[in-house]
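This is what each chain is made of:
Protein chains: 2
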Amino acid sequence: MKSKAVFYHAGCPVCLDTEQQIATAIDRNRYDVEIVHLGEAKGRVAEAERAGVKSVPALVLGGTPLHLNFGAPLSALK
Amino acid sequence: MKSKAVFYHAGCPVCLDTEQQIATAIDRNRYDVEIVHLGEAKGRVAEAERAGVKSVPALVLGGTPLHLNFGAPLSALK
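Chains A and B are the protein sequences, given in the same order. Here the first sequence stands for residues 134 to 211, numbered as in the working numbering. Here the second sequence stands for residues 134 to 211, numbered as in the working numbering.
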């Protein structure tokens, strides 16, 4: 069964470069990847926060956050 | 043909947790993953620096650095 991976970003240049890297590197046979733009989906900022996301871009893998590079703090998106 | 991915770390708790996440998430059909402990392989700090690594843990994918979480600055390993 596939695990869920959620990539949270905010449309920043760092976010988009990182998304490209992740999109090609992650094992799609093991993970279903959802991309969430928190600037456009403000309602999901709280969900990201609950998962432990402190900044974007970040990838939540099976519930555990992995912060990738640094674009913006989550607090800037509220 | 597989691309090369190098995961640089320094043995810190953040590094080891991140290594676990990456080890399961990365597509092994597309990437050959090498794990480098910079505390034990000081000679490779310069190589990481040339690839653009600023802190560990970091993953260099096809020559481009991806900083993952934050364990220690590269400068602390010299």
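Since the hints were derived computationally from the structure, they do not count as laboratory data. From a predicted model like this one, the values you see are computed outputs, not experimental measurements. All C-beta atoms in this analysis are idealised placements derived from N, C-alpha and C, irrespective of residue type, glycine included. A few of these clues could be false.
Claimed, not checked - No farther apart than 30 Å at their CA atoms in a straight line, the calculated lysine-lysine pairs in the BS3-like style are these: (1) A/LYS175 to A/LYS135; (2) B/LYS137 to A/LYS137; (3) B/LYS187 to B/LYS175; (4) B/LYS135 to A/LYS137; (5) B/LYS187 to A/LYS187; (6) A/LYS187 to A/LYS211.
To be verified - Anything over 10 Å on all C-beta distances counts as not near chain B; from chain A, calculated: (7) ALA138; (8) LEU149; (9) ALA158; (10) ASP160; (11) ARG163; (12) GLU173; (13) ARG177; (14) ALA184; (15) ALA205; (16) PRO206; (17) SER208; (18) ALA209; (19) LYS211.
Said to hold, decoys possible - Only some residues are given here: those of chain A computed to face chain B with a beta carbon under 7 Å: (20) MET134; (21) GLN153; (22) ILE159; (23) HIS170; (24) VAL178; (25) LEU194; (26) HIS200.
Hint by hint, here is what the structure shows:
{"no.": "1", "hint": "A/LYS175 to A/LYS135", "in the structure": "27 Å, holds"}
{"no.": "2", "hint": "B/LYS137 to A/LYS137", "in the structure": "25 Å, holds"}
{"no.": "3", "hint": "B/LYS187 to B/LYS175", "in the structure": "15 Å, holds"}
{"no.": "4", "hint": "B/LYS135 to A/LYS137", "in the structure": "25 Å, holds"}
{"no.": "5", "hint": "B/LYS187 to A/LYS187", "in the structure": "19 Å, holds"}
{"no.": "6", "hint": "A/LYS187 to A/LYS211", "in the structure": "12 Å, holds"}
{"no.": "7", "hint": "ALA138", "in the structure": "7 Å, violated"}
{"no.": "8", "hint": "LEU149", "in the structure": "13 Å, holds"}
{"no.": "9", "hint": "ALA158", "in the structure": "6 Å, violated"}
{"no.": "10", "hint": "ASP160", "in the structure": "4 Å, violated"}
{"no.": "11", "hint": "ARG163", "in the structure": "7 Å, violated"}
{"no.": "12", "hint": "GLU173", "in the structure": "24 Å, holds"}
{"no.": "13", "hint": "ARG177", "in the structure": "21 Å, holds"}
{"no.": "14", "hint": "ALA184", "in the structure": "13 Å, holds"}
{"no.": "15", "hint": "ALA205", "in the structure": "15 Å, holds"}
{"no.": "16", "hint": "PRO206", "in the structure": "13 Å, holds"}
{"no.": "17", "hint": "SER208", "in the structure": "17 Å, holds"}
{"no.": "18", "hint": "ALA209", "in the structure": "18 Å, holds"}
{"no.": "19", "hint": "LYS211", "in the structure": "22 Å, holds"}
{"no.": "20", "hint": "MET134", "in the structure": "14 Å, violated"}
{"no.": "21", "hint": "GLN153", "in the structure": "9 Å, violated"}
{"no.": "22", "hint": "ILE159", "in the structure": "6 Å, holds"}
{"no.": "23", "hint": "HIS170", "in the structure": "19 Å, violated"}
{"no.": "24", "hint": "VAL178", "in the structure": "20 Å, violated"}
{"no.": "25", "hint": "LEU194", "in the structure": "5 Å, holds"}
{"no.": "26", "hint": "HIS200", "in the structure": "5 Å, holds"}
The structure fails hints 7, 9, 10, 11, 20, 21, 23, 24 (numbered hints given earlier, in ascending order).
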